[in-house]
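Heads up: the protein sequence lines correspond to chains F and A, in order. Read in order, the letters of the first sequence correspond to residues 1 to 102 in the numbering used here. Read in order, the letters of the second sequence correspond to residues 1 to 242 in the numbering used here.
Quick caveat, the hints were computed from the structure, so don't treat them as lab data. Check the hints yourself; a few may be wrong.
Simulated restraints, written as ranges between beta carbons of each label pair [what the hints assert, rightly or not]:
1. Arg95(F) - Gly16(A): 46 to 54 Å
2. Arg17(A) - Ala33(F): 44 to 52 Å
3. Val58(F) - Arg17(A): 22 to 30 Å
Covered stretches of chain A (in silico footprint by chain F; criterion: 3 or more residues with CB under 8 Å from a CB of chain F, positions within the stretch not fixed) [what the hints assert, rightly or not]:
4. 62-74
5. 161-173
All residues carry an ideal CB built from backbone N, CA and C; glycine is no exception.
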Amino acid sequence: MLPNRTLVATYVTRHFRLWALLRVGLSGLFLLAGTDPLRVSPLTLGATVVFAAVVSLVELRRRRERDLLGNLGVGAVALAAMVMVPPLTGELLLRAVGTFRG
Amino acid sequence: MTALLRVESVAKSFAGRRVLSSASLRAVPGELRVLFGRNGIGKSTLLKIAAGRVAPDGGTVHFGNHAYLHARPHRLAAVGLFYLPDADLLSSAFTVRHQLVLFQRQFGGGDIGEAAARVGIAARLDQRPDTLSGGERRRAELAAVLVRRPTCLLADEPYRGLAPRDAEVLTTVLRALAADGVAVLVTGHEVPTLLDAADHITWCTSGTTYELGPPAVAVQHGAFRREYLGPWRIPLNSREER
Numbered sequence: 001m002l003p004n005r006t007l008v009a010t011y012v013t014r015h016f017r018l019w020a021l022l023r024v025g026l027s028g029l030f031l032l033a034g035t036d037p038l039r040v041s042p043l044t045l046g047a048t049v050v051f052a053a054v055v056s057l058v059e060l061r062r063r064r065e066r067d068l069l070g071n072l073g074v075g076a077v078a079l080a081a082m083v084m085v086p087p088l089t090g091e092l093l094l095r096a097v098g099t100f101r102g
Numbered sequence: 001m002t003a004l005l006r007v008e009s010v011a012k013s014f015a016g017r018r019v020l021s022s023a024s025l026r027a028v029p030g031e032l033r034v035l036f037g038r039n040g041i042g043k044s045t046l047l048k049i050a051a052g053r054v055a056p057d058g059g060t061v062h063f064g065n066h067a068y069l070h071a072r073p074h075r076l077a078a079v080g081l082f083y084l085p086d087a088d089l090l091s092s093a094f095t096v097r098h099q100l101v102l103f104q105r106q107f108g109g110g111d112i113g114e115a116a117a118r119v120g121i122a123a124r125l126d127q128r129p130d131t132l133s134g135g136e137r138r139r140a141e142l143a144a145v146l147v148r149r150p151t152c153l154l155a156d157e158p159y160r161g162l163a164p165r166d167a168e169v170l171t172t173v174l175r176a177l178a179a180d181g182v183a184v185l186v187t188g189h190e191v192p193t194l195l196d197a198a199d200h201i202t203w204c205t206s207g208t209t210y211e212l213g214p215p216a217v218a219v220q221h222g223a224f225r226r227e228y229l230g231p232w233r234i235p236l237n238s239r240e241e242r
């Protein structure tokens with residue numbers, strides 16, 4: 001069973017916000033390390049996506065939403081997609097901006 | 001009537017401690033069944049196995065015509081099961097209305113306003129659950145059940161901590177669901193309330209379960225009275241007879 005659009009929008013929006021907050025903090029660290037925050041290596045990009053997804057899962061656990069999502073018919077695959085897609089999209093957008101900026 | 005949910009001979013151990021050795025459970029459409037048992041005896045574990053929240057070490061879960069060696073919550077939810085945990089179900093991140101909308105859109109559920117009015121939380125719909133009292137949160141969860149319109153409801157200690165008025169609302173809704181053909185199964189220790197509401201009693205003890213039958217028959221079961229109800233819980237009629 002696929003999650004409905006309202007459910008997806010609700011969680012994707014929240015996880016995108018979480019990623020954005022996280023990315024602001026990480027960008028500061030990248031600048032301190034002398035790295036352009038918009039042109040991180042693929043490895044760093046992947047690590048950032050995984051880190052943001054883990055933070056999203058921690059947030060789900062903190063709010064004890066697993067039973068709610070289970071009752072809504074959201075399984076592990078759909079959940080993984082909902083926590084991975086927002087940070088991945090965000091990182092790819094930032095990377096595109098960095099590439100176009102030159 | 002045929003059981004919609006059947007849990008057959010499940011076993012479960014935690015860190016080497018066997019909680020369930022061969023326990024079974026049934027939820028039957030149109031019946032409100034109560035699972036009694038002492039604290040720590042495995043009632044919640046059995047319910048979680050039935051809902052797919054916990055994987056059993058052995059045994060099977062049947063829902064409808066399907067048998068699951070390892071049932072998954074989302075698969076059971078998709079075919080009509082609703083699990084009400086002993087902790088809060090609704091998230092504090094979103095308003096009650098928003099979460100009811102999620103159920104309504106996901107399952108083509110019932111009317112939100114009607115469900116909220118039925119459990120008396122119409123004025124609280126735009127609040128987040130963490131701003132509600134415990135009784136109101138439980139009512140909001142009941143509204144979610146009504147919007148979802150499940151075919152089977154498993155509720156783990158739904159009466160715990162509820163004021164008498166909220167408990168009355170809960171009983172009314174559970175009885176109405178059963179009358180509508182939903183298979184309802186609840187656990188709890190609120191013996192007078194649950195005996196009054198139940199159609200059938202199951203007793204969980206020593207890692208297994210016993211189907212005791214209707215409450216009037218169950219309370220006459222010697223071991224159940226001795227080991228669970230205690231001498232003080234002899235029904236009024238029996239006391240008068242003595």
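Is the listed coverage of the segment 161-173 of chain A by chain F valid when you require three or more residues with a beta carbon under 8 Å from a beta carbon of that chain?
violated (count 0)
Determine whether the Cβ-Cβ distance between Val58(F) and Arg17(A) falls within the hinted range of 22 to 30 Å.
The hint (22 to 30 Å, Cβ to Cβ) holds, given that Val58(F) and Arg17(A) are roughly 29 Å apart.
Does the Cβ pair Arg95(F), Gly16(A) satisfy 46 to 54 Å?
Given about 50 Å between the Cβ atoms, the range holds.
For Arg17(A) and Ala33(F), compare the CB-CB distance with the range 44 to 52 Å and indicate the outcome.
49 Å, holds
Counting residues of the segment 62-74 of chain A that have a beta-carbon nearer than 8 Å to any beta-carbon of chain F, does the count reach 3?
That given contact holds, which follows from 3 residues of the segment 62-74 of chain A lying within Cβ reach (below 8 Å) of chain F.
Checked against the numbered hints given earlier, this structure breaks only hint 5.
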